[in-house]
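Undergrad: As a plain string of letters, each chain reads:
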Amino acid sequence: MARALANQPWRKANNQRRFEIFIASLIPLPLVAYISISQQLNPILSFAALFLPMQLIAASIVGYHAYGRRGVGDAVLVVVTFFFSAFVLILLLSVLSSVIIQGSRAISWQFISQNNVYVSPTTSLDYGGVGHAVVGTLIVVAITTIAAVPLGLAMAVYLTQSQSKTRNLVRTFTQALSGLPSVVSGLFILSIIESTHMGRSGFTGALALFPLMLPTVARVAEEALKLVPVDLRYAALALGAPNYRAFFQVILPAAKSGLLTALLLGLARVVGETAPLILTMNPSSSTSLNPFSGGMSTLPTFIYNYLASSYETSQARAWGAALVLLILVGFLFGLARFLGKNKSIKSKASK
Amino acid sequence: MTSLVTSSSLRAENISVWFGERQVLKDVNLVFPANQVTALIGPSGCGKSTFLRTLNRMHELIPSAGLAGAVYLNEQDIYSEAMDAVSVRIKVGMVFQKPNPFPTMSIKENILSGLKLSGRKIKDADELVETSLRRASIWNEVKDRLSDQAISLSGGQQQRLCIARSLAMDPEVLLMDEPCSALDPGSTRRIEETISELAESMSIVIVTHNMQQAQRVSDQTAFFLAEEGMPGGVVEFGSTEQVFNGPIDQRTNDYVNGHFG
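The listed protein sequences correspond, in order, to chains A and B. Residues 3 to 353 in the working numbering are what the first sequence spells out, letter by letter. Residues 36 to 296 in the working numbering are what the second sequence spells out, letter by letter.
There may be inaccurate statements among the hints.
Unchecked claim - Once the Cα atoms are required to be at most 25 Å apart in a straight line, the calculated DSS-like pairs of lysine-lysine come out as: (1) Lys126/B x Lys151/B; (2) Lys167/A x Lys228/A; (3) Lys178/B x Lys158/B; (4) Lys143/B x Lys156/B; (5) Lys126/B x Lys228/A; (6) Lys156/B x Lys178/B; (7) Lys228/A x Lys258/A; (8) Lys258/A x Lys158/B; (9) Lys156/B x Lys133/B; (10) Lys258/A x Lys126/B; (11) Lys133/B x Lys158/B; (12) Lys258/A x Lys178/B; (13) Lys126/B x Lys156/B; (14) Lys151/B x Lys178/B; (15) Lys228/A x Lys158/B.
It is worth saying that the hints were derived from the structure and are not from the lab.
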């Protein structure tokens, strides 16, 4: 083993070089800390303004020492990539942590399961919860999903499988629709409610979410179906398959995980929508299972209504609801991934 | 149990093909008798593969494609009203240049996929799988892992699996579009042996760029050529022996001896 190593024509960075890289990546951090403390600078500001340039310089010196000029380019790329990845990660973690920290004050099993009847702004957090809003969110999103997912998939099938000339027109309109601001969708349904006197309900809320979910599902599903090699379709047709069997037995299974992503992104698009629901649904404090009449609360509208309050407990309830919404989304995503797993085939890469 | 099916003859009459306004094939007349292997040779872009796809109506899947002429399978025009593309493709199987097993299916499911896709009943599944895999000379390599995913096989094995998949349909004619172009010599040799065995029960049309392969496997050879800016056509058609050793046309002579193309 040792001999083989000695005979290798090239070697990875030797110990001395590793040491240099180690030093270069360690020195800037305490230096920045020292400067910001001794000069009493804002720690976050000094970190952003000083750390990145110093790390760049340190990495460039090591890179230049090792490989000359191209080493500088490599070092800059690595540092910048790492820095921005870390930035995105920190952003995500701070959003999550703020919701978790603020939300955990209110959250408990009773908060998730009970509804909000008999709760006033001064009621203690031990009573009442967002159970009605969880149910409302599930009902409204379920109605939207039941309508939008089959239609969106059908659109994707039309856009990828047919040879029709109106395809491009449909694609353009779908793309235009996906840029529709959610409040406009809400206003549209609101105008229908007012002109037909149909009354606000969970169903009208679902109607307002529908134009938002449909184009998302259709576009992502179209991309997923496009990724299936045309060879597979030809193979199926050459075996004497009618178009529909080739689609259901070959193309659809091959695109399964991509289509699941379409469903998830569609869910993600609507589950947190607030503006259209404020316009098209009446809030309610009690649990309602009837989407066709009466008020119904959803988690986003609950958050919106309670965050505006000046009472401490109401704000805590809003944060708690935000945490419940996060958990709900995580649960739905996990469920979809679990259901999408392909269990029928042993996927072992045998030699 | 290799049933010796009486194989059928295939005949192409005055086949001309257009893609949009551009004509790519002009007046191709070829006869593929039963139990014969026919090689289609010629430089790239001369229309061999296009012609092959007219023989099982895969050609019409290309939106701009146009066609004139007729193809007779057992004296019945496959483009006539009485025939539909699906029933033609059940009788005339096809193996593609690139191995294309269905990635979501196991080896066994791939073999049975043709029957499922064409909506036919599967009687003795295990026996059909074994027979088909044996006829494609791949049974010994995969018999212990029939439930593995098809894409876990090597390229050469995948191609033989695709041949087995076509054979499970028990076709009367098998079309092969450069089936060995992506394979190593060992896999190529095995597929060539398979072709010779299959010719006992069906007629085979094979497109190839490999002159030695054409000589090894085929009984008759058609040489396709497209002159600059002109549609392609058949320059010479005859027994393989004659086309390679005593070609009548000078261009055939130049091509088979490697002077151009």
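Undergrad: Any hints from earlier that this structure breaks? Give me their numbers in increasing order, please.
TA: When the structure is compared with the hints, numbers 5, 8, 9, 10, 11, 12, 15 turn out to be violated.
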